[in-house]
Amino acid sequence: MHVQEPTPEQYNPPLTWRSHAWRTALVLAISAALWPPTAAAQWHQARAMFWVDLTLGLFSLALSFYQRRWPFPVAVVLSVLGAFSLSSSGPGVLAAVSLATRRQVWQIVVVGFLSLVGALVFPAVSPSVTSSPWVINLAFGLVFTVAVLVWGMYLGSRRELMWTLRDRAERAEAEQELRVDQARSTERARIAREMHDVLAHRISLI
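Position in the sequence shown (from 1) plus 507 gives the number in this note's numbering.
Keep in mind the hints are simulated off the structure, nothing from the lab.
Don't take each hint at face value.
[As the list claims (entries may be wrong)] Label-pair ranges, simulated between beta-carbon atoms:
(1) Val-624 / Asp-674: 38 to 46 Å
(2) Arg-576 / Trp-529: 54 to 62 Å
(3) Ala-646 / Ala-536: 20 to 28 Å
(4) Ser-639 / Thr-671: 42 to 50 Å
Note that beta-carbon positions come from the ideal geometry of N, C-alpha and C, so glycine has one too.
Please build the complete structure, drawing on both the sequences and the hints.
The structure is reproduced here in structure tokens:
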């Protein structure tokens with residue numbers, strides 16, 4: 508019997524308020540770890556860029572709450588914003604991981620490419636505490652992007668496996684209950700036939 512492959516909506520569990528809470532905390536932690544050194548340079552050298560970065564980061568944070576509803580559009584927008592805002596790194600990572608769990612190759616390639624472009628554009632438009640060559644920025648961006656997307660694909664595979672095992676167990680339990688009910692019905696029918704035959708035999712004797 509052919510078993511239909513589960514969809515991402517089936518094996519990606521719905522988010523509870525606790526899921527939203529720890530994801531938001533993780534997003535803020537990533538942004539807090541990456542942005543402060545650059546934020547200090549922006550504040551002293553290009554204050555307008557500081558406010559642009561912060562505004563886009565807050566917008567990205569709000570947009571990340573819709574990454575389950577519109578995974579690809581949200582991931583694309585956050586990848587583009589990453590070229591102008593380092594504070595949006597946390598939401599961007601969350602959206603990229605969430606998209607990768609769906610394992611749609613062309614979508615992953617698009618988001619990965621945009622993330623790499625952003626890794627090259629941001630150092631050119633924003634002051635930084637370091638002045639690394641573009642090759643170094645590209646290499647770092649490539650390693651980071653691949654790691655994030657591979658992690659998301661791993662999570663998607665694991666969720667699908669767990670969902671498949673749970674679904675098979677539920678199907679096996681339902682089939683077992685069906686077989687038990689059928690056996691009970693067959694036994695009741697057999698007993699009814701025997702009682703009918705015995706009663707008909709006694710009546711015939713009388």
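Hint check:
no.	hint	in the structure
1	Val-624 / Asp-674: 38 to 46 Å	40 Å, holds
2	Arg-576 / Trp-529: 54 to 62 Å	19 Å, violated
3	Ala-646 / Ala-536: 20 to 28 Å	24 Å, holds
4	Ser-639 / Thr-671: 42 to 50 Å	44 Å, holds
The structure fails to meet hint 2 from the earlier list, while all remaining hints are met.
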